Amino acid sequence: MSEIDWNALQEQIRKLHMGEKVSGDIDTRYSAMVEEMLREKPDVWYEKLRPFVEEVINLHKEDPEEAVETLVSVIMQIVHHLAQHEVLIEYSVALQTKLVESLGAESQKSSKILEALYRKGVLSPEDFKKE
Numbered sequence: 005m006s007e008i009d010w011n012a013l014q015e016q017i018r019k020l021h022m023g024e025k026v027s028g029d030i031d032t033r034y035s036a037m038v039e040e041m042l043r044e045k046p047d048v049w050y051e052k053l054r055p056f057v058e059e060v061i062n063l064h065k066e067d068p069e070e071a072v073e074t075l076v077s078v079i080m081q082i083v084h085h086l087a088q089h090e091v092l093i094e095y096s097v098a099l100q101t102k103l104v105e106s107l108g109a110e111s112q113k114s115s116k117i118l119e120a121l122y123r124k125g126v127l128s129p130e131d132f133k134k135e
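For what it's worth, our numbering labels the leading residue of the sequence shown as 5, then goes sequentially.
Keep in mind that the hints were calculated from the coordinates and are not lab data. All figures in this text were calculated on a predicted structure; none of them were measured in a lab. Each hint can be trusted.
Only pairs whose alpha carbons sit at most 27 Å apart, straight line, appear in this in silico DSSO-like list of lysine-lysine:
1. K113 to K133
2. K52 to K65
3. K19 to K102
Whole structure, please, built from the sequences with the hints as guidance.
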């Protein structure tokens, strides 16, 4: 029996959970966007999609049901892609914020260390001059 790499397994599980969270966030955003699209902005969506809608209708003159299915499918895909982008942008902003906060904390730690070294006489004012 081979040994189980518990660290690798734990990392895979963590990634799976993160993927499920992101997917859930996208699905939630998608649902909200579809609801908003259907409730508040049909005229705006109609104007933006009018050329595409007219072309699909012209391509499927013989089979209007297929035209409707195509339109609904494409519009839902567009909304899903928009939801994906919005969620990923939110995640990126959150990550950047954490990185900036982390850099600020590291900078403060470095400053405190330098101050302590200066007070103890390990560093002198000459050490802080630019060369």
